[in-house]
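Let's have the full structure, built from the sequences with the hints guiding it.
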Amino acid sequence: MPILNGVSLDIRQGERVALIGANGAGKSTLLRCLAGLVPLSAGDVEILGETFSGSPSARQRKALRRQLGFVFQFHGLVRRTSALSNVVNGYIGQGHGMRAWHQMLAPHTVREEARAALEAVGLGEKWDARADTLSGGQSQRVAIARAIVHKPSLIIADEPAASLDPAAGSDIMTLFHRLAGARGCTLLFTSHDMNHALSYADRVIALKAGTVMLDAASSDLTPADLEPVFHGD
Amino acid sequence: MATDIRTEKPVMPRIARLDPLRFALAVALGALLVASIGEVTPSPERLAGALPRMGSLLDRMLPPETDPAFLGRMAMRLLETVQIALAGTFFGILVSFPLAWCGAMGLSPLGPFRWAARMVVSLFRTVPDLVWALFFVSAVGLGAVAGTLTIIVDTAGFCGRFFAEAMEDSDRQSREALDAGGARKIDILFAAVVPDCMPSFINTSLFSLELAVRSSVVLGIVGAGGIGQELKSAFELFQYPKASAIILAIFVIVLGMEQLTDWLRRRIA
Ligand SMILES: Nc1ncnc2c1ncn2[C@@H]1O[C@H](COP(=O)(O)OP(=O)(O)OP(=O)(O)O)[C@@H](O)[C@H]1O
Ligand SMILES: [Mg+2]
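These protein sequences, in sequence, are chains D and C. Residue numbering for the first sequence follows my numbering, beginning at 383 and increasing consecutively. Residue numbering for the second sequence follows my numbering, beginning at 171 and increasing consecutively.
Since the hints were derived computationally from the structure, they do not count as laboratory data. You may find that some hints are simply not true.
[Unchecked claim] With a Cα cut of at most 35 Å, we get these calculated DSBU-like pairs of lysine-lysine: (1) C:K179 to D:K508; (2) D:K508 to D:K590; (3) D:K533 to D:K508; (4) D:K444 to D:K533; (5) C:K355 to D:K444; (6) D:K444 to D:K590; (7) D:K590 to C:K402; (8) D:K508 to D:K444; (9) D:K533 to C:K355.
[What the hints assert, rightly or not] Chain D stretches covered by chain C per the calculated footprint, using a threshold of three residues with CB under 8 Å from any CB of chain C: (10) 457 to 471; (11) 476 to 482.
[Said to hold, decoys possible] Pairwise CB distance ranges (calculated): (12) C:F377 to D:A440: 36 to 42 Å; (13) D:E428 to C:V301: 38 to 44 Å; (14) C:R437 to D:P489: 31 to 37 Å; (15) C:A194 to D:S423: 39 to 45 Å; (16) D:M383 to C:F193: 46 to 52 Å; (17) D:R394 to C:R354: 55 to 61 Å; (18) C:Q253 to D:E501: 47 to 53 Å.
Backbone N, C-alpha and C fix where the C-beta goes; we use that ideal spot for every residue, glycine too.
So, in structure tokens, the structure goes:
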């Protein structure tokens, strides 16, 4: 049983796209497919100039992930290292070799950039805290800092505001919005917050049971238009 | 599936049904156990005859030898035993780490050839230490070097297996996150897996040190250095007080090592 079916979409560089859908609709799976993290049973993906079906080749993986910042729904922090080390790990595909393994090994500039990214997500003073001692929202922000520290040209963020309080949630969405706007970086995020989807994205795509049921500019949409996405027919 | 007609919900049996295959296996196992007991376990008569002889042997072993020259020689041998255990464990862990990585499912840089690393680890682990000791005594001659090589192989077999299991069980989400960031296999190993597995690695290493101390005590029996040599000759020359002194010393050393590793474990936890 394929999880996604007949999903076809085209996202332009610099576009800000919100992906919405009920629990289990396939949002996380779609994002993973785009990054080549789960093999495609059919169809193909063209992303950041690389086209693959099945799984990307080793060369494609390297080229693609170098320009990618991925925020996972469950954060995926290395639990027993510090917040700073986790953000330094964001450089792991940038050719720093073992110097991106841990903040102790990192070059001065990388450590400074990592510190700046932590400050950008409002966690500057927590750089030394071990990841498994952070609150849910703090851990989420470290994951976001790790995904943006190397200045990716595509940010894929799976429910980046899910564990954030309302103020932190809008701060983070504003940060993403600004990053995407300023550097021509593409942003694709999922959210269960319809206000976030409508106000921080140029375009909203809704998934239902693995297929696209709505794809429209956010300026043409009202919250009422999004209601059917979450309800049975 | 069975359905309860009153609720039309599937019934959830508390115990999965007993299948005939499992039942037959249990019976066969029981029969094997009974047959084995008959062959090799001492009969009550034999036990009755042996008990007094054991008593008189114990009597001849006491009191333990206290001759200073002997105790000095024994202390040197004990020191050698601990050295074999420490050096062997250290190098064994160094060898086991890459072996574990190469054998770990989903992490190995060898891809489908990871079974080769698994085979090496299995070979190291399943061949008993005394057999390895015989092998190394033949290869490098009598003495402590053969003992250390034995402990290296023993430790690599033990840690190679448990390190690999810990690596495979390490947190998948952090591994996936680094993968998405373009990490190579070696990056994932050192940035995500090693930090996550550190407590488990340390525990396994301390446990393997305990095993190594116990192992290195008996290696001397086949000529691979350490206190075992003294013990063997004491028994062969009927010097029972010396034997009891050595056994007491072994008891103290092994117990001391267990206390030490327990203390280290508590410090780390
Ligand atoms: N590793 C997996 N193995 C098998 N099935 C999976 C796996 N991950 C997800 N699925 C299935 O794929 C479907 C879509 O899951 P997915 O995580 O993409 O949903 P989602 O839209 O992100 O939901 P949520 O809003 O709860 O995060 C679900 O039915 C889920 O059971
Ligand atoms: Mg999801």
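Among the hints numbered above, which are violated by the structure, and what are their numbers in rising order? Checked against the structure, the hints that fail are numbers 1, 2, 7, 13, 16 and 17, while the rest are satisfied.
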